[in-house]
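Peer 1: Those sequence lines, one after another, are chains A and B. Sequence positions in the first sequence follow my numbering and run 1 to 113. Sequence positions in the second sequence follow my numbering and run 1001 to 1114.
No lab work stands behind these hints: they were computed from the structure. For each residue, glycine too, the CB sits at the ideal point set by N, CA and C. Among the hints, erroneous ones may be present.
Said to hold, decoys possible - Quick list of simulated restraints, FRET-style, between CB atoms: (1) A:SER14 with B:GLY1059: 16 to 26 Å; (2) B:PRO1081 with A:THR105: 43 to 53 Å; (3) B:PRO1008 with A:VAL29: 12 to 22 Å; (4) A:GLU66 with B:ASP1063: 40 to 50 Å; (5) B:ASN1052 with A:VAL29: 24 to 34 Å.
To be verified - What the simulated footprint calls covered on chain A by chain B, stretch by stretch (three residues with Cβ under 8 Å from a Cβ of chain B suffice, anywhere in the stretch; the number is not a length): (6) 42 to 54; (7) 101 to 111.
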Amino acid sequence: AQSVTQLGSHVSVSEGALVLLRCNYSSSVPPYLFWYVQYPNQGLQLLLKYTSAATLVKGINGFEAEFKKSETSFHLTKPSAHMSDAAEYFCAVTQGGFQKLVFGTGTRLLVSP
Amino acid sequence: DAGVIQSPRHEVTEMGQEVTLRCKPISGHNSLFWYRQTMMRGLELLIYFNNNVPIDDSGMPEDRFSAKMPNASFSTLKIQPSEPRDSAVYFCASSYTGLNTEAFFGQGTRLTVV
Chain A
1 AQSVTQLGSH VSVSEGALVL LRCNYSSSVP PYLFWYVQYP NQGLQLLLKY
51 TSAATLVKGI NGFEAEFKKS ETSFHLTKPS AHMSDAAEYF CAVTQGGFQK
101 LVFGTGTRLL VSP
Chain B
1001 DAGVIQSPRH EVTEMGQEVT LRCKPISGHN SLFWYRQTMM RGLELLIYFN
1051 NNVPIDDSGM PEDRFSAKMP NASFSTLKIQ PSEPRDSAVY FCASSYTGLN
1101 TEAFFGQGTR LTVV
């Protein structure tokens, strides 16, 4: 079954610094991968998704992720962190014949001034 | 569209009581998901429906939990009887059917069982 692993439950960066959130997937078939963001007391919101059309995927709020099959990774990056990026980020993969979204454990991004 | 609508936003109940959480998916979506989020276990998929039919309920923790989708615009998640360990945020999400389609989440229901 497909699954994702997120390394690091917390990541701290300074405002303006590079953001790198790690996600590795396990899948016997080409996966469909997603990054979601959750702001405090909110539901999850899609940042971007990989659907095999392009390995570098651009999302909202300046985030992007690169699908690397050789590394089974789909890391999320942003060149310059903003205070408003502080949130929890979830990597997810679809599983099964229907869209059964399976989430990683999440990474909380902390941004300091 | 107003998005996925969940009610109530907050629920506090006493152990042993029945709790019903409600969800209205986005019009036109034919897949619906119930998730539970806790600090200890993260986001867990409880059950998902396609075209109002339960497809996979393997995530439902035990018989105290039940979910229904009587029509395309409404779903309920019921806990009877409730226990303190059921305290969590419960999310409903909906989407079109398809492996690469986006799921839209509601704001969640924060359940506290005392």
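Peer 1: Does each hint hold? Answer for all of them.
Peer 2: So, going through the hints one by one against the coordinates:
{"no.": "1", "hint": "A:SER14 with B:GLY1059: 16 to 26 Å", "verdict": "39 Å, violated"}
{"no.": "2", "hint": "B:PRO1081 with A:THR105: 43 to 53 Å", "verdict": "30 Å, violated"}
{"no.": "3", "hint": "B:PRO1008 with A:VAL29: 12 to 22 Å", "verdict": "40 Å, violated"}
{"no.": "4", "hint": "A:GLU66 with B:ASP1063: 40 to 50 Å", "verdict": "44 Å, holds"}
{"no.": "5", "hint": "B:ASN1052 with A:VAL29: 24 to 34 Å", "verdict": "28 Å, holds"}
{"no.": "6", "hint": "42 to 54", "verdict": "holds (count 7)"}
{"no.": "7", "hint": "101 to 111", "verdict": "holds (count 6)"}
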